[in-house]
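Colleague: This is what each chain is made of:
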Amino acid sequence: MAETCNLRGEVLSLLHSHPDLALDRFKGLIERSIKRAGLLKSFPTPARQYNFTTAVIGQSEAAMRSAQTLGLLGMEVFLFGGPAKPLADQPDYPNVHGFVGSSAKSLKGTVGDFRIVVDMEGGFQQVFQAGAVILGERARRTIAYMPHPDMPPHEFSYSMQTRDVKGIPFFVPGATSIPGLILASPPGVNLSERIKGTTAAILAASVMPRGPRQNKGYTVSIDAGLCRGCGRCANICPYRAISFHRNSLGYGYAVVDEALCKGCGNCISICPSNAADSPFRDQFFLEQIIEEVLA
Amino acid sequence: MENDLKIILFLCNWSPHAAFQTIQDTLAPLPLEIRMVRIPCSGRITKSLLFKAFETGADGVALVGCEPGTCRYGAGTTVAERNVEDTRGILKLLGLGEERLDFAAFYPDQAGSLLEYLIRFRDRIRELGKSPVEPVHPKKEVAEPRELTASIMANHNIYTCQDCGKCSSACPVALSGKPFSPRGIANAVIAGDFESPAIQQDIWSCLTCGLCYERCPSAVSFPEFIRDMRTVQKAAGNGRFEAHEGFFHSLMRTMASQGLRIQHWNWLPPEIRTDQNSKTLFFGGCAPYFDTFFRHHLGIHTTDILTDALKLLNFFDIFPALMEGERCCGHDLLWSGDRENFLKLARLNVELISDMGIEEVVTACPECYRAFVRDYPAQGIETPFRVTHLFELVENEIGKGAVGFEKLNRKITFQDPCRLSRVEGGSELSRNLLNRLQVRAFTEMRDRGPSSLCCGNCAWTGCDSYSKAMQINRLRQAKETGSNLLVTACPKCQIHLKCAMEDPFLGDEIRMEMLDLTSILARTIQWEG
Numbered sequence: 001m002a003e004t005c006n007l008r009g010e011v012l013s014l015l016h017s018h019p020d021l022a023l024d025r026f027k028g029l030i031e032r033s034i035k036r037a038g039l040l041k042s043f044p045t046p047a048r049q050y051n052f053t054t055a056v057i058g059q060s061e062a063a064m065r066s067a068q069t070l071g072l073l074g075m076e077v078f079l080f081g082g083p084a085k086p087l088a089d090q091p092d093y094p095n096v097h098g099f100v101g102s103s104a105k106s107l108k109g110t111v112g113d114f115r116i117v118v119d120m121e122g123g124f125q126q127v128f129q130a131g132a133v134i135l136g137e138r139a140r141r142t143i144a145y146m147p148h149p150d151m152p153p154h155e156f157s158y159s160m161q162t163r164d165v166k167g168i169p170f171f172v173p174g175a176t177s178i179p180g181l182i183l184a185s186p187p188g189v190n191l192s193e194r195i196k197g198t199t200a201a202i203l204a205a206s207v208m209p210r211g212p213r214q215n216k217g218y219t220v221s222i223d224a225g226l227c228r229g230c231g232r233c234a235n236i237c238p239y240r241a242i243s244f245h246r247n248s249l250g251y252g253y254a255v256v257d258e259a260l261c262k263g264c265g266n267c268i269s270i271c272p273s274n275a276a277d278s279p280f281r282d283q284f285f286l287e288q289i290i291e292e293v294l295a
Numbered sequence: 001m002e003n004d005l006k007i008i009l010f011l012c013n014w015s016p017h018a019a020f021q022t023i024q025d026t027l028a029p030l031p032l033e034i035r036m037v038r039i040p041c042s043g044r045i046t047k048s049l050l051f052k053a054f055e056t057g058a059d060g061v062a063l064v065g066c067e068p069g070t071c072r073y074g075a076g077t078t079v080a081e082r083n084v085e086d087t088r089g090i091l092k093l094l095g096l097g098e099e100r101l102d103f104a105a106f107y108p109d110q111a112g113s114l115l116e117y118l119i120r121f122r123d124r125i126r127e128l129g130k131s132p133v134e135p136v137h138p139k140k141e142v143a144e145p146r147e148l149t150a151s152i153m154a155n156h157n158i159y160t161c162q163d164c165g166k167c168s169s170a171c172p173v174a175l176s177g178k179p180f181s182p183r184g185i186a187n188a189v190i191a192g193d194f195e196s197p198a199i200q201q202d203i204w205s206c207l208t209c210g211l212c213y214e215r216c217p218s219a220v221s222f223p224e225f226i227r228d229m230r231t232v233q234k235a236a237g238n239g240r241f242e243a244h245e246g247f248f249h250s251l252m253r254t255m256a257s258q259g260l261r262i263q264h265w266n267w268l269p270p271e272i273r274t275d276q277n278s279k280t281l282f283f284g285g286c287a288p289y290f291d292t293f294f295r296h297h298l299g300i301h302t303t304d305i306l307t308d309a310l311k312l313l314n315f316f317d318i319f320p321a322l323m324e325g326e327r328c329c330g331h332d333l334l335w336s337g338d339r340e341n342f343l344k345l346a347r348l349n350v351e352l353i354s355d356m357g358i359e360e361v362v363t364a365c366p367e368c369y370r371a372f373v374r375d376y377p378a379q380g381i382e383t384p385f386r387v388t389h390l391f392e393l394v395e396n397e398i399g400k401g402a403v404g405f406e407k408l409n410r411k412i413t414f415q416d417p418c419r420l421s422r423v424e425g426g427s428e429l430s431r432n433l434l435n436r437l438q439v440r441a442f443t444e445m446r447d448r449g450p451s452s453l454c455c456g457n458c459a460w461t462g463c464d465s466y467s468k469a470m471q472i473n474r475l476r477q478a479k480e481t482g483s484n485l486l487v488t489a490c491p492k493c494q495i496h497l498k499c500a501m502e503d504p505f506l507g508d509e510i511r512m513e514m515l516d517l518t519s520i521l522a523r524t525i526q527w528e529g
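Heads up: the protein sequence lines correspond to chains D and X, in order. Be aware that the first sequence starts at 1, since it is given in this note's numbering, and climbs by one per residue. Be aware that the second sequence starts at 1, since it is given in this note's numbering, and climbs by one per residue.
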């Protein structure tokens with residue numbers, strides 16, 4: 001990790017008007033930075049499973065176009081019907097495996113590690129793994145995103161940020177708040193179905209990691225011993241970076257996927273038992289900054 | 001430095017930071033009192049950090065984030081606004097002035113508006129003046145920890161331990177599955193191990209509920225031993241085991257500042273009759289702070305206990321005095337190892353109460369009661385007034401006759417507060433009243449009275465997955481009785497058990513309505529005959 005401080009903004013701007021204060025602040029910044037640099041740790045590399053297949057769910061023009069584009073790019077594609085309409089035909093695209101008569105019911109997971117529950121033609125259920133998922137418009141409305149089988153489906157954002165509307169994180173058009181979950185035909189975008197389908201395919205191809213994921217140094221980790229399993233963090237995290245597991249005592253505990261965590265820290269400030277904290281910029285660190293700045 | 005006002009600006013890394021850098025780069029006149037702390041998102045800053053700034057000596061705190069609808073992470077603005085609202089409520093109760101804390105949001109190109117805002121904020125803080133909070137700088141322990149520990153062990157009879165293990169077989173922490181044993185701790189400290197990480201951690205895991213003392217054949221006062229060991233550890237700088245990131249400890253230490261114009265009672269409903277010339281004082285406790293802090297999460301109403309307690313007093317034609325500058329009794333500071341600030345709070349409270357010419361203090365809070373009756377005298381603070389628990393007073397008044405209770409169509413069970421059930425007669429006191437109620441059924445839980453299980457936390461320390469397991473166990477016991485109302489007699493029991501009910505997996509299995517005994521009494525009491 002690195003330790004940085006903004007000398008230009010914090011010191012140089014005072015140099016002419018308040019030279020003594022500038023020197024004071026310069027000393028403070030440098031001393032604190034050096035002290036903190038002594039505590040820096042090396043980045044851990046989170047272990048994570050990756051699957052590079054894309055699942056396309058739906059048979060609209062945009063969805064078929066996504067499947068075709070990815071297939072032509074040489075990527076492996078699974079094609080399923082949506083919850084309401086089983087897949088009618090196996091299209092003649094390279095690298096695209098259509099499961100005729102299949103109907104995807106629900107999915108869970110995030111980029112690199114989705115699991116899709118599919119009703120197959122023979123009347124049995126099968127779970128498929130995929131690295132990215134593209135949803136046709138009808139599938140988007142009917143499929144359940146179920147991160148935890150024992151809990152109700154999770155709503156995900158797919159509309160773009162709008163002024164004064166809270167709760168929608170930033171993402172590019174066609175993407176959703178779940179990394180790796182992409183819409184073939186995002187509502188409110190005025191382009192042809194074919195262009196939207198192609199765009200979704202390119203998005204899916206580009207979310208796949210090109211090398212091992214690195215911890216970014218500012219992610220959150222949850223102390224399993226302190227976690228009381230209330231579920232607040234899992235609800236507030238827009239990126240589904242937090243998954244929920246049952247412990248031996250019969251209730252839940254939360255785990256952060258460091259590859260997905262963007263480090264916003266909202267889970268920290270709503271955790272009732274100090275279980276969630278950033279290992280690098282933790283409560284103690286911020287308390288110390290406050291003390292040093294106010295000293 | 002040309003002025004000594006101190007303002008902390010918590011600045012989100014995204015939109016407003018871009019605006020802030022423009023201010024710096026254009027050498028715009030940024031108020032020098034403002035010190036910026038860069039953060040990843042305005043939703044990152046906990047209530048405890050917002051408050052910590054005030055405890056540490058800030059005169060104003062601004063949390064600046066992104067305009068609604070532009071938060072990079074979606075949730076930040078909402079979380080930040082809630083945290084600020086709750087913390088402002090606390091500042092208001094403390095009489096610090098809620099305007100000292102503010103939330104604002106900007107777009108990246110709004111350098112001009114951000115600068116105007118910061119200047120305006122500085123000017124407003126200037127009008128409010130310096131904060132009356134006296135920052136606390138922890139002192140380093142002077143005495144030798146080993147000698148100190150030896151005397152603590154002697155004071156609380158640790159050396160008389162017979163190693164029988166009755167404590168560990170009853171200890172709710174041990175029974176929750178946590179590797180924790182009072183007997184093991186006693187053995188270790190007798191053998192001279194005070195400093196191993198395991199012992200240090202154990203000292204903060206204990207609930208100090210006192211069940212072990214009930215069982216101990218040699219009267220080893222384990223909870224008080226733990227309490228004093230915490231004081232040693234705290235002084236040595238060990239022990240960051242405070243729950244809620246230490247918010248409540250910060251709050252209590254802050255309340256020890258003499259200059260605060262606390263507004264403890266300004267929320268009281270108008271129908272309550274009080275009399276500032278009365279020789280009887282009703283001491284409420286920290287419920288208003290609890291309700292404010294937990295407003296957005298637990299939605300508890302522990303101030304109802306205070307209102308209902310006053311209604312009960314009014315019912316008996318008692319119109320007590322209230323102390324506007326009432327501070328925390330300090331119980332939780334003492335029991336989490338901060339004796340120094342406990343003493344400050346205790347002296348302030350006793351001084352204020354004495355100045356009012358009070359002869360009797362009535363309280364409905366088991367912790368305040370225990371602090372006044374036991375801890376104040378034991379720590380050398382004399383209380384020149386009588387202290388009565390509300391239940392004692394009610395029992396006395398009912399004894400005079402002509403009082404009965406309306407029917408209440410509920411099946412109830414009772415959660416004993418440790419600090420009441422383990423003082424002499426405390427457990428019978430609650431039960432006498434419970435048995436007077438006209439409820440459909442009153443069924444005791446498996447563990448009851450002096451053998452009752454703790455609600456899971458004490459003095460805002462040691463909250464973890466095991467305390468949750470303990471609480472689930474307790475709530476299951478309550479459910480087993482077939483009751484549909486869990487009666488408690490301490491605001492903390494309500495807070496902790498309500499928190500445990502927040503569970504996506506268990507849900508309805510452990511959810512149960514709760515009500516304080518004081519409230520049931522006040523709502524069903526009536527004149528008869």
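Just to be clear, a hint being listed does not mean it is correct.
[To be verified] So, partial list: chain D residues that the calculated Cβ filter (under 7 Å) puts toward chain X:
(1) 36
(2) 38
(3) 146
(4) 150
(5) 151
(6) 269
(7) 283
(8) 287
[Stated by the list, open to error] Which chain X residues stay away from chain D? Per the calculated CB distances, all over 12 Å, these:
(9) 38
(10) 53
(11) 245
It should be emphasised that the hints constitute simulated quantities derived from the structure, not laboratory data. This one's a predicted model, so the numbers in the text were calculated from it and none came from an experiment. Cβ atoms here follow ideal geometry from the backbone N, Cα and C, with glycine treated the same way.
Colleague: Now tell me, hint by hint, if it's right for this structure.
Modeller: Hints, verified against the model:
At a threshold of 7 Å, the smallest CB-CB gap from residue 36 of chain D to chain X is about 13 Å, leaving the interface hint violated. Residue-level restraint check for residue 38 of chain D is violated (minimum Cβ-Cβ distance to chain X is 18 Å; threshold 7 Å). Look at residue 146 of chain D: its Cβ only gets to about 13 Å from chain X, farther than 7 Å, so that hint breaks. At its closest, the beta carbon of residue 150 of chain D sits 6 Å from a beta carbon of chain X; the interface hint therefore holds under the 7 Å criterion.
Restraint check, residue 151 of chain D versus chain X: the minimum CB separation of about 5 Å is within 7 Å; hint holds. Taken as an interface hint, residue 269 of chain D checks out: its beta carbon lies about 4 Å from the nearest beta carbon of chain X, inside 7 Å. Interface restraint check for residue 283 of chain D: the shortest CB-CB distance to chain X comes to about 5 Å, inside 7 Å, so the restraint holds. Taking 7 Å as the C-beta contact cut-off toward chain X, the hint placing residue 287 of chain D at the interface holds, the least distance being around 6 Å.
The claim that residue 38 of chain X lies off the interface is violated: its Cβ sits roughly 8 Å from the closest Cβ of chain D, which falls inside the 12 Å cut-off. Distance to chain D contradicts residue 53 of chain X as a non-interface residue, since its nearest Cβ pair spans about 5 Å, not more than 12 Å. The non-interface label for residue 245 of chain X is inconsistent with chain D: the shortest C-beta to C-beta separation is roughly 5 Å, within 12 Å.
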